[in-house]
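Asker: Given chain A, put chain B in place with the hints provided.
So the sequence lines, in the order shown, correspond to chains A and B.
My numbering applies: residue 1 is where the first sequence begins, and numbers increase by one.
My numbering applies: residue 1 is where the second sequence begins, and numbers increase by one.
In short, the hints are calculated from the structure, not lab data.
You may find that some hints are simply not true.
Claimed, not checked - Computed list of chain A residues with no C-beta within reach of chain B, every gap over 10 Å:
{"no.": "1", "residue": "E14"}
{"no.": "2", "residue": "K57"}
{"no.": "3", "residue": "K80"}
{"no.": "4", "residue": "V124"}
{"no.": "5", "residue": "S127"}
{"no.": "6", "residue": "Q142"}
{"no.": "7", "residue": "R222"}
{"no.": "8", "residue": "Q271"}
Claimed, not checked - Taking lysine-lysine pairs in the DSS-like style, the calculated list, with each CA pair at most 25 Å apart, reads:
{"no.": "9", "chain 1": "A", "residue 1": "K86", "chain 2": "A", "residue 2": "K128"}
{"no.": "10", "chain 1": "B", "residue 1": "K352", "chain 2": "A", "residue 2": "K289"}
{"no.": "11", "chain 1": "A", "residue 1": "K253", "chain 2": "A", "residue 2": "K155"}
{"no.": "12", "chain 1": "A", "residue 1": "K57", "chain 2": "A", "residue 2": "K80"}
{"no.": "13", "chain 1": "B", "residue 1": "K340", "chain 2": "A", "residue 2": "K252"}
{"no.": "14", "chain 1": "A", "residue 1": "K66", "chain 2": "A", "residue 2": "K80"}
{"no.": "15", "chain 1": "A", "residue 1": "K80", "chain 2": "B", "residue 2": "K281"}
{"no.": "16", "chain 1": "B", "residue 1": "K339", "chain 2": "A", "residue 2": "K252"}
{"no.": "17", "chain 1": "B", "residue 1": "K340", "chain 2": "A", "residue 2": "K253"}
{"no.": "18", "chain 1": "A", "residue 1": "K155", "chain 2": "B", "residue 2": "K57"}
{"no.": "19", "chain 1": "A", "residue 1": "K5", "chain 2": "A", "residue 2": "K80"}
{"no.": "20", "chain 1": "A", "residue 1": "K100", "chain 2": "A", "residue 2": "K86"}
{"no.": "21", "chain 1": "A", "residue 1": "K252", "chain 2": "A", "residue 2": "K289"}
{"no.": "22", "chain 1": "A", "residue 1": "K281", "chain 2": "A", "residue 2": "K252"}
{"no.": "23", "chain 1": "A", "residue 1": "K253", "chain 2": "B", "residue 2": "K57"}
{"no.": "24", "chain 1": "A", "residue 1": "K253", "chain 2": "A", "residue 2": "K281"}
{"no.": "25", "chain 1": "A", "residue 1": "K307", "chain 2": "A", "residue 2": "K253"}
{"no.": "26", "chain 1": "B", "residue 1": "K339", "chain 2": "A", "residue 2": "K253"}
{"no.": "27", "chain 1": "B", "residue 1": "K369", "chain 2": "B", "residue 2": "K352"}
{"no.": "28", "chain 1": "B", "residue 1": "K352", "chain 2": "B", "residue 2": "K339"}
{"no.": "29", "chain 1": "A", "residue 1": "K100", "chain 2": "A", "residue 2": "K66"}
{"no.": "30", "chain 1": "A", "residue 1": "K89", "chain 2": "A", "residue 2": "K155"}
{"no.": "31", "chain 1": "A", "residue 1": "K100", "chain 2": "A", "residue 2": "K89"}
{"no.": "32", "chain 1": "A", "residue 1": "K307", "chain 2": "A", "residue 2": "K281"}
We treat Cβ as the ideally placed atom computed from N, Cα and C, and that holds for glycine.
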Amino acid sequence: MAEQKPSIAIEAVESGLAAQGYIASRQIATAVYLSQQIEKPILVEGPAGVGKTELAKAIAAWRGMKMIRLQCYEGLDEAKALYEWKYAKQLLYTQILKDKLGEVLGGAQTLHAALAQLHDFGDVFFSKEFVEPRPLLQALEQPGGCVLLIDEIDKSDAEFESLLLEILSDFQVTIPELGTVSAITPPTVILTSNSERDLGDALKRRCLHLHIGFPEQRLEERIVESRVPGISQTLRRQMVGFIHEIRSLDLKKLPSVSETIDWARVLVLLQASELDTDIVKDTLNVLLKYEADIEAAQPQITTFIAKAARSNVFG
Amino acid sequence: MRENLHRFFRAARGAGVHVSPAESIDAMRAVAQVGMSDRAILRDTLLLTLAKSQDEKLALGDCFDLFFSQPEPRQDQPEADSNAASQDADQSPSSSSASEAGEGQPPEGLGPLARMLLSQDRNAVAAAIASASGAASLSDIRYSTQRGIFSSRILDAMGLQRLRDDLDELTASNPALAERLRAALDALREAVRDTVAQGLALYAREEAENLRNEILRNAPLARIERRQVAEMRALIRQIARRLRERYSKPRKRQRRGHLDVRRTLRRNAAWGGVPFLTAWKRKHRDRPKIVALCDVSGSVAQVSDFFLLLIHSLHEVVDDVHSFAFSSHLIEVSEILEKKSPEEAMAEIMSKVGFGSSDYGSSLVDFEKDFMSTLTPQTTVIVLGDARSNNLDPRADILRRVSERSTRLVWLNPEGRLAWGFGDSEMPRYATFCSIVRQCATAQQLERAVSDIVATYQ
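Bound-form chain A, shown alone:
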């Protein structure tokens, strides 16, 4: 029984994600299952547009949890990621409470006593009331747990990475004025990276490392099927086959899954029933985002369509 459980549980993850329209490979499902079991974040790497961000959304939808997203960029710091003091509110309150302050301080006989009383106020103004929680702190404060998506971590600075370490390993943050805030329910953390720079070993060590590459043909067909239900089976096969041929070219930016889905939508809109040279030529700009790439692919179109059609006969 205990021996059987994991594989069943992993299949459950797979079907759960599939119900949200995310077709996961076995590896992805294993990673999601493990991250839940041993409470570790997942670091997802891979080319742009293979569904790294989608994975987090699908997990959140499947478990019925809130998703909190932190988009990383250069110069992102504590104040925007973790928490910030509500300065305006603090100022406003000091203004409003001016009279009250005077009253309280008026009671003090000596300067020392007044100072002691003032110290107490300091603590009042630096209390939870005046903390503006940013995504990371919000994620820790969700009573029902949540999915925390830290998107494109490779865009942030190395300092920010170090800031994350405490959250990733212990699910807690330390605010100097308040003390340590621990997660009510440990959130499921997903980090994504496009490998623009190498992440630190300390960060990698704390995560499960998942690499999502371009999917196999069969899997990609299933993805298109679930995302664009209106497309006919023959066309689906042809277009996915065609895209796999395109990926064998040496291009600046290879078309990824999101481009496949866009293209499928376009083909459905144009009511194409089959792939032919004209329609591919007209819609190639959906797949390829650089002029040089389009020029490189143009002469190959007819060959690729033929190849894709042929593979259908046998496949």
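Answerer: For chain B alone, coordinates are given in the frame of chain A:
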């Protein structure tokens, strides 16, 4: 299960995957969750927890396949039993042979190994080999020369001595059976040899690689063999990575305790000048600016090649590099090096200026005429060459002007100190204008030289 995983971690380290103790603990926890029964899930789990990049995943996947093509882990149990049984048998052969005489088929008085071989129980033999290789601590194997000793150790642990005695006895009493046993023994030797070879492939890679790298690091760059060039490039890349990790620190560092009054006031203008946010003075660190002049005439070309490769793979650490190559005249090669793969770039540079007889004087004239403006007061100039100018005018006066316009002038000479100044070497005349002159013949010296240059900017 634990034992097996530990051995796998060692094998993974051998395959070049960094497995820290913390990571191995994580992997253990994960494996405890999924169990060992499903090979595919186990593979995915280990790949997820141990490997931290795509390269590592590939290496670890191969390692996993190799490792688990060995006898099944679950045979641990029976194999331990049989081991214990065989020890019993060794100690009291009379009693065991009496108790097992009932089996009848193999004749009495034979040792456990002989019985096992004769009964042709392949699983039992495989299990016995696995347990014996555990006893002989096969995972300690490091070098290919150790194969023989490990094979014999494993065979000894399996009871070869007893088997030999049995063979001697049988040859006298039952020649046919002895023949069968001998054939089985040969097969066993082969199986053990395979096991040891596999063990070597699994566990010894790291050590062998370290040894090879150590030798390579200290080998003179100019004289390494053609087949080693690729390995050398890999080594240089490793060195570059190490230097990058050490020196690519943030360029701005706060100076604690020095308030930047102007920026603080400006930042807090919104709150009427009440300083909620403080700004501190920062110290700006320069990244090295390097101008490299490389001699690419026959004798020094190889060293220049590796030097250029190293300098140009330090993008994160070094702000900008201008590289020039010369033998009899000088050209700028930065662009060639940046756009092409190392092999192609070197080939192109060589076809343009390489392999001539070197003329330092006219090369320096070329540099002064066209490129003097690349030097700024922050620049480090590195000259790599043997300073053998074929008795032509060395033009040391130009080198003096170069030295005056830059922070430092470093001369790296692949020749030993002993040769400086002899024959047509102009080293002593150049050396007067250099901040540092050092020998640079091996990868290790190259690493030190570059490391020192970068470190002075920190």
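Asker: State for each hint whether it applies.
Answerer: Tested hints:
1. E14: Holds, because the least Cβ-Cβ distance between E14 (chain A) and chain B comes to about 12 Å, which exceeds 10 Å.
2. K57: K57 (chain A) clear of chain B: closest Cβ-Cβ about 21 Å, beyond 10 Å.
3. K80: Non-interface label stands for K80 (chain A): nearest chain B Cβ at 13 Å, farther than 10 Å.
4. V124: V124 (chain A) is indeed farther than 10 Å from all Cβ atoms of chain B, at 17 Å.
5. S127: Given a closest Cβ separation of 16 Å, the condition holds.
6. Q142: Non-interface label stands for Q142 (chain A): nearest chain B Cβ at 24 Å, farther than 10 Å.
7. R222: Consistent with the label, R222 (chain A) stays out of reach of chain B, its closest Cβ about 19 Å off (over 10 Å).
8. Q271: 40 Å, holds
9. A:K86 <-> A:K128: OK: K86 (chain A) and K128 (chain A) at ~10 Å, within 25 Å.
10. B:K352 <-> A:K289: Outside the cut-off at roughly 38 Å; violated.
11. A:K253 <-> A:K155: Holds, at roughly 19 Å.
12. A:K57 <-> A:K80: Given that 25 Å is the threshold and the Cα spacing comes to 22 Å, the pair holds.
13. B:K340 <-> A:K252: 16 Å, holds
14. A:K66 <-> A:K80: Between K66 (chain A) and K80 (chain A) the Cα gap is close to 20 Å, so the pair holds against 25 Å.
15. A:K80 <-> B:K281: 22 Å, holds
16. B:K339 <-> A:K252: Within the cut-off at roughly 15 Å; holds.
17. B:K340 <-> A:K253: 20 Å, holds
18. A:K155 <-> B:K57: 23 Å, holds
19. A:K5 <-> A:K80: 42 Å, violated
20. A:K100 <-> A:K86: This hinted pair holds, its Cα atoms lying about 21 Å apart.
21. A:K252 <-> A:K289: 9 Å, holds
22. A:K281 <-> A:K252: 19 Å, holds
23. A:K253 <-> B:K57: 23 Å, holds
24. A:K253 <-> A:K281: 18 Å, holds
25. A:K307 <-> A:K253: Measuring from Cα to Cα gives roughly 22 Å; hence the hint holds.
26. B:K339 <-> A:K253: 19 Å, holds
27. B:K369 <-> B:K352: 19 Å, holds
28. B:K352 <-> B:K339: 16 Å, holds
29. A:K100 <-> A:K66: 41 Å, violated
30. A:K89 <-> A:K155: 32 Å, violated
31. A:K100 <-> A:K89: Given pair K100 (chain A), K89 (chain A) holds - Cα atoms ~17 Å apart, limit 25 Å.
32. A:K307 <-> A:K281: 16 Å, holds
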